[in-house]
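*Asks:* Single-letter residue listing:
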Amino acid sequence: MSVTFNLNGKAVTAQAEADTPLLWVIRDELGMTGTKFGCGMALCGACTVHVNGAAVRSCQTPVSSVAGKRVATVESLSGTRNTHPLQVAWIKHDVPQCGYCQSGQLMSAAALLASNKNPSDADIDAAMSGNICRCGTYPRVRAAIKDAAASMRKA
Amino acid sequence: MNFDTLTPELPRRTFLKVATASGFALGAFPLAILAQGTPPAAGLKATEQPSAFVRITPDGIVTVTINRLDFGQGVQTGLPMILAEELDADWSKVRSEHGNANPAYVDPAFGMHLTGGSASIKNSYTQYRELGARTRAMLVSAAATQWNVDAGTLRTENGDVVGAGGKKLGYGELAEAAMKLPVPEKVALKDPKQFRIIGKPTGRIDARAKSSGQQRYGIDVRLPGMLTAVVARPPVFAAKLKSVDDSAAKAVKGVKAVLRVPVDRGGEGVAVVADGYWAAKQGRDALKLEWDTAGVEKADSARLLASYRELAGKLGAIKYNADVSKLASAPKKISAEYTFPYLAHAPMEPLNCTVAFTGSAAELWMGTQMPGLDAFAASNVLGVAPQAIKVNTQMAGGGFGRRAIPTSDYVVEACEVAKAARAAGLDAPVRTLWSREDDIKGGYYRPMHLHRAEIGFDEQGNILAWDHVIVGQSILKGTPFESFMVRDGIDSTMVEGMKEPYDVPMRLSVHHPQVNVPVLWWRSVGSTHTAYAMETLLDEVARATGQDPVAYRLKLMGDKHPRHKAALQLAVDHSGYGKRALAPGRAWGVAVHESFQSVVAYVVEASMDKGTPRLHRVTAGVHCNLAVNPTSVEAQVQGAAVMGLSMCLPGAAITLKDGVVEQGNFGDFTVPRITDMPQITVHIVPSAEPPTGIGEPGLPPLAPAFANAVAKLTGKTPRDLPFKFA
Numbered sequence: 001m002s003v004t005f006n007l008n009g010k011a012v013t014a015q016a017e018a019d020t021p022l023l024w025v026i027r028d029e030l031g032m033t034g035t036k037f038g039c040g041m042a043l044c045g046a047c048t049v050h051v052n053g054a055a056v057r058s059c060q061t062p063v064s065s066v067a068g069k070r071v072a073t074v075e076s077l078s079g080t081r082n083t084h085p086l087q088v089a090w091i092k093h094d095v096p097q098c099g100y101c102q103s104g105q106l107m108s109a110a111a112l113l114a115s116n117k118n119p120s121d122a123d124i125d126a127a128m129s130g131n132i133c134r135c136g137t138y139p140r141v142r143a144a145i146k147d148a149a150a151s152m153r154k155a
Numbered sequence: 001m002n003f004d005t006l007t008p009e010l011p012r013r014t015f016l017k018v019a020t021a022s023g024f025a026l027g028a029f030p031l032a033i034l035a036q037g038t039p040p041a042a043g044l045k046a047t048e049q050p051s052a053f054v055r056i057t058p059d060g061i062v063t064v065t066i067n068r069l070d071f072g073q074g075v076q077t078g079l080p081m082i083l084a085e086e087l088d089a090d091w092s093k094v095r096s097e098h099g100n101a102n103p104a105y106v107d108p109a110f111g112m113h114l115t116g117g118s119a120s121i122k123n124s125y126t127q128y129r130e131l132g133a134r135t136r137a138m139l140v141s142a143a144a145t146q147w148n149v150d151a152g153t154l155r156t157e158n159g160d161v162v163g164a165g166g167k168k169l170g171y172g173e174l175a176e177a178a179m180k181l182p183v184p185e186k187v188a189l190k191d192p193k194q195f196r197i198i199g200k201p202t203g204r205i206d207a208r209a210k211s212s213g214q215q216r217y218g219i220d221v222r223l224p225g226m227l228t229a230v231v232a233r234p235p236v237f238a239a240k241l242k243s244v245d246d247s248a249a250k251a252v253k254g255v256k257a258v259l260r261v262p263v264d265r266g267g268e269g270v271a272v273v274a275d276g277y278w279a280a281k282q283g284r285d286a287l288k289l290e291w292d293t294a295g296v297e298k299a300d301s302a303r304l305l306a307s308y309r310e311l312a313g314k315l316g317a318i319k320y321n322a323d324v325s326k327l328a329s330a331p332k333k334i335s336a337e338y339t340f341p342y343l344a345h346a347p348m349e350p351l352n353c354t355v356a357f358t359g360s361a362a363e364l365w366m367g368t369q370m371p372g373l374d375a376f377a378a379s380n381v382l383g384v385a386p387q388a389i390k391v392n393t394q395m396a397g398g399g400f401g402r403r404a405i406p407t408s409d410y411v412v413e414a415c416e417v418a419k420a421a422r423a424a425g426l427d428a429p430v431r432t433l434w435s436r437e438d439d440i441k442g443g444y445y446r447p448m449h450l451h452r453a454e455i456g457f458d459e460q461g462n463i464l465a466w467d468h469v470i471v472g473q474s475i476l477k478g479t480p481f482e483s484f485m486v487r488d489g490i491d492s493t494m495v496e497g498m499k500e501p502y503d504v505p506m507r508l509s510v511h512h513p514q515v516n517v518p519v520l521w522w523r524s525v526g527s528t529h530t531a532y533a534m535e536t537l538l539d540e541v542a543r544a545t546g547q548d549p550v551a552y553r554l555k556l557m558g559d560k561h562p563r564h565k566a567a568l569q570l571a572v573d574h575s576g577y578g579k580r581a582l583a584p585g586r587a588w589g590v591a592v593h594e595s596f597q598s599v600v601a602y603v604v605e606a607s608m609d610k611g612t613p614r615l616h617r618v619t620a621g622v623h624c625n626l627a628v629n630p631t632s633v634e635a636q637v638q639g640a641a642v643m644g645l646s647m648c649l650p651g652a653a654i655t656l657k658d659g660v661v662e663q664g665n666f667g668d669f670t671v672p673r674i675t676d677m678p679q680i681t682v683h684i685v686p687s688a689e690p691p692t693g694i695g696e697p698g699l700p701p702l703a704p705a706f707a708n709a710v711a712k713l714t715g716k717t718p719r720d721l722p723f724k725f726a
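Sequence lines, in order, name chains W and E.
Under the working numbering, the first residue of the first sequence carries the number 1, and numbering increases by one thereafter.
Under the working numbering, the first residue of the second sequence carries the number 1, and numbering increases by one thereafter.
FYI, nobody ran anything at the bench for these hints, they're computed from the structure.
Because the structure is a prediction, the values reported are computed rather than measured.
Think of the CB as a built atom: it goes at the ideal place given N, C-alpha and C, for glycine as much as any other residue.
Check before you lean on any hint, since a few could be wrong.
Pairwise CB distance ranges, derived in the manner of DEER restraints [said to hold, decoys possible]:
1) L713/E / A114/W: 36 to 44 Å
2) S335/E / Q60/W: 22 to 30 Å
3) G667/E / N52/W: 21 to 29 Å
4) M1/W / G295/E: 43 to 51 Å
Far from chain W, by Cβ distances over 12 Å, these chain E residues were calculated [stated by the list, open to error]:
5) Q194
6) R204
7) N352
8) G398
9) A551
10) E634
11) H683
All chains should be built: construct the whole structure from the sequences, respecting the hints.
*Replies:* Next up, the structure:
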C-alpha cells in the first residue's frame with residue numbers, strides 16, 4: 001500500500017506496510033535521520049515528531065494514521081540554520097551532551113511553546129516528562145526552554 | 001575503571017608486554033599491524049605528529065582530530081581547545097573530527113585505543129598542547145621563509161603569524177608549506193597565565209549539529225544497498241538453540257535471510273536480515289524458537305543474594321589488613337549490610353554496528369571506546385588480517401562504559417551476522433541494530449554487590465576497628481585487563497574508593513563469585529558502590545556521636561587531603577550549609593569522594609514526600625585541577641549527579657529470575673526524568689595544575705549525600721539501592 005502525508009511542508013508518499021511505525025518510514029524509507037530510535041515503546045521520547053502540530057511518539061504511530069496529515073520532524077525547526085528560538089537557546093545554554101535525545105526534546109518543547117509562551121516549571125514538567133535524557137541535561141533543557149519562551153514573547 | 005592508579009607502577013611498555021603475553025594482544029597487536037601513513041620523524045612517536053591531528057585548509061579552518069570517542073562528555077570540544085591554545089588558533093575557525101584505529105590515536109599513557117577512566121583530557125593535555133605548539137612553530141617557520149626574516153622576530157595571534165609593522169599571514173595561507181617542514185621535537189609551552197582558550201567557558205563545537213538533528217551517529221550510517229539485522233538472543237545467557245522454525249519470519253515482506261549465528265558467551269542466536277529495521281524486527285517476532293537452557297547456569301537475583309550473604313560471613317581475599325579485635329570491646333558499634341543491584345547502562349542510542357565485508361577486507365562503523373581492540377576482534381571473526389579492517393568511529397549516543405567492551409560483544413556479533421549474510425549470498429553491508437529490549441536484557445551490567453561492615457568506635461567518633469567485606473563478580477576476570485588489574489585475587493575496580501581519604505583501621509576483604517551474568521564497568525565503576533558504603537557509614541558514626549558530618553569528615557582527613565577539603569568547603573560555602581535555615585521537612589546531606597583523581601563533594605537538601613525521598617537542591621564542589629572547559633565540567637558534574645540520582649530511584653535495578661532478566665525497557669528499568677530533577681549548581685576549585693578526570697567523578701557522592709539526608713529525616717540509612725520506602 002502507499003500512504004501520502006505532508007512532511008515538513010512537502011507531500012511525500014510512503015510505500016511501507018500500513019502498520020509500520022512512522023519512525024521507520026521517516027528514517028529507513030525516507031532517509032531522514034534527525035528523528036531517533038530510543039525504545040520503540042513510546043517510553044523515551046527520542047522519536048518525537050509533530051502530527052498536525054501535536055507532539056507524538058513516531059515509534060508508536062502507524063504510518064497509516066498520518067495519511068493526509070501534517071508531519072513535522074526536527075529538521076522542520078529551521079533546517080540547518082538553527083534560528084528557531086529553541087535552537088538558539090539550546091546552543092546558548094550548551095544543552096546537548098551526547099545529543100541523541102535532543103531532537104525529541106526540541107520537538108516536545110516546540111509543541112509546548114507553540115501553545116504556551118510562558119510555561120511554568122509545572123508546564124515544562126508536564127510537556128517534557130516523556131523525554132528521557134540519559135546524560136542528564138535536564139537542568140539545561142529547563143533553562144533553555146524558559147529562555148526561548150522569553151525571546152518568543154519579546155518577538 | 002580507574003587505570004589512573006596503575007600508570008605510575010605500570011608504564012606503557014609494560015602494559016603492552018603484559019597484554020600481549022596474556023594471549024589476547026590488546027592494543028599492541030592491532031596497533032603495530034595497523035600502522036599506516038608516513039613514517040614518523042626521528043624521535044617523535046605517531047602520537048606526537050601534528051600531521052595526524054591538525055589539518056588547516058586555505059580558508060583557515062583548523063580541523064583537529066580527537067583520539068577519543070565523544071559520546072557526550074565533550075572531548076570533541078575540550079581536546080581541540082587544548083591544541084588551539086598552543087597553536088594560537090582563531091577558535092571560531094576550529095572544527096573537530098574523530099580519529100580511527102590508526103596508532104596515532106592511542107591514549108598516550110595507556111598505549112591503546114581507549115576512551116575511559118575519565119582520562120581523555122588528563123592523559124592528552126600535554127600531548128595536545130605539544131601538538132599545537134609544534135604546528136605553530138612550523139607555521140611561524142613557513143612565514144619566516146616567505147618573508148625571509150628570522151623566525152624569532154615573529155609572533156602569532158588568533159590564526160595569523162604577525163611580522164614587523166603588523167603584517168600578517170593567515171594560517172590558511174601558510175599551512176601547505178608549513179606541514180612539509182621538519183617537525184620540531186622540543187617546543188616551549190605557554191605559562192598557564194597566558195591561556196586565552198583553556199579555562200574559558202566554551203560552547204560545544206557540536207552544539208549546532210545536535211540542536212538541529214544534523215548530528216550523525218552510528219545508527220544513522222547509510223550505505224548503498226545496506227541491510228539491517230535484528231538478532232534473537234537466548235533468554236538465558238549462553239544458551240543454545242534446540243529448534244528454529246523460520247517459515248513465518250521468511251514470509252515477512254522485506255526479510256532477506258534468517259541466519260543462525262554464534263552469539264556472546266558461546267550461545268547461539270538467529271539473525272533476521274531485512275531491508276530495514278521494522279521488517280527485521282517483524283521477522284524476529286515471527287520466529288518460533290526453542291532454546292536448550294539445560295546446560296547453562298540460571299542466575300537468580302534472590303538466590304544470588306542468599307549466596308552473597310553467606311559469602312560475606314567469611315573472610316575473603318585481603319585488600320587491606322588491620323587488627324579488628326577491638327570490635328568486641330568498642331563502646332559503640334554499627335553493623336550494616338548493603339545491597340546494590342545489577343544496573344544497565346541503557347545509552348539512548350541503542351547498540352549498533354555496521355559491517356561492510358568483502359570476503360577479504362571489512363569496514364566497520366560504530367560508536368566505540370576501544371576501536372583498536374574491536375578491529376582485532378573483527379579480524380578474528382572475519383578471518384582476515386587486522387590491517388584489512390577499517391574502523392570508522394562514529395559519534396555515539398551515550399555509552400557510560402557499555403561501548404568499552406573487552407569482549408567486543410556487539411562488534412563481534414555484527415561481524416558474525418555480516419559473515420553469515422555473505423555466506424548466504426547477500427553481498428551488502430549489514431547493520432546489526434539492537435532494540436531497547438535487547439539492550440536492557442543483553443547483559444554487561446554493573447555487577448550486583450553486597451557489602452557487610454562492622455564498625456567499632458568510641459564516644460568521640462574515633463574509629464577503633466572497621467571490618468568490611470564486599471561480594472560481587474569481578475569485571476575484569478577473563479578479560480585482557482585481568483593480568484594487571486586483578487592482583488592477589490582482587491579486582492582493583494571493585495575496591496577503588498574504599499578507605500581513602502580516611503585514615504581508619506580497616507580490614508577489607510573481597511569475594512568474587514562466578515555468575516552467568518555478563519558484567520562491565522558502569523560510569524565511575526567501583527565507586528558506584530564503594531562511595532555509597534563509605535560515605536553513609538561515616539555519616540552514621542558522626543550522627544551517632546553527635547558530631548557535624550562536615551566537621552567530622554574534615555577532622556578525619558587531617559592535613560593530608562587538601563583537595564578533598566577544598567572541594568567540600570566550596571560546596572559547604574555555596575550551599576549555605578550550617579548558615580541557612582532549611583524549609584520545614586527538609587534535611588541536609590553531605591558526601592565527598594575522589595575518583596579518577598578528581599574530588600567531588602555534594603551538599604544536598606532532601607525531604608520525604610508521602611514516604612518517598614525527594615531531592616531538592618544539590619550544590620557541588622569540584623576539584624579537577626585546571627578546568628579546561630568550565631562549561632563542560634559543569635555539564636559533566638550535572639549529568640553524573642543525575643546518573644547518581646538514578647541509582648536511588650525506584651526501578652533502577654536489573655533482576656533475574658531463573659536465568660531470565662526481568663526488565664525490558666524504560667517502563668520497568670526506569671531512569672530519572674525532568675520531573676525528578678533537583679536544582680544543581682556546580683562550583684569549581686580554581687587551579688592551574690594539569691587537569692584530572694571529570695566524566696565520572698560527579699557520580700559517586702550523589703547517592704550517599706541523598707541517603708545521608710534521608711537518614712536524618714527518617715532515622716534510618718537506606719541500605720539497599722535503589723531506595724525502598726513505603
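*Asks:* Evaluate each hint against the coordinates.
*Replies:* Evaluated hints:
| no. | hint | result |
| --- | --- | --- |
| 1 | L713/E / A114/W: 36 to 44 Å | holds, 41 Å |
| 2 | S335/E / Q60/W: 22 to 30 Å | violated, 49 Å |
| 3 | G667/E / N52/W: 21 to 29 Å | holds, 27 Å |
| 4 | M1/W / G295/E: 43 to 51 Å | holds, 46 Å |
| 5 | Q194 | holds, 25 Å |
| 6 | R204 | violated, 6 Å |
| 7 | N352 | violated, 9 Å |
| 8 | G398 | violated, 4 Å |
| 9 | A551 | holds, 30 Å |
| 10 | E634 | violated, 9 Å |
| 11 | H683 | holds, 15 Å |
In summary, the numbered hints that this structure violates are 2, 6, 7, 8 and 10.
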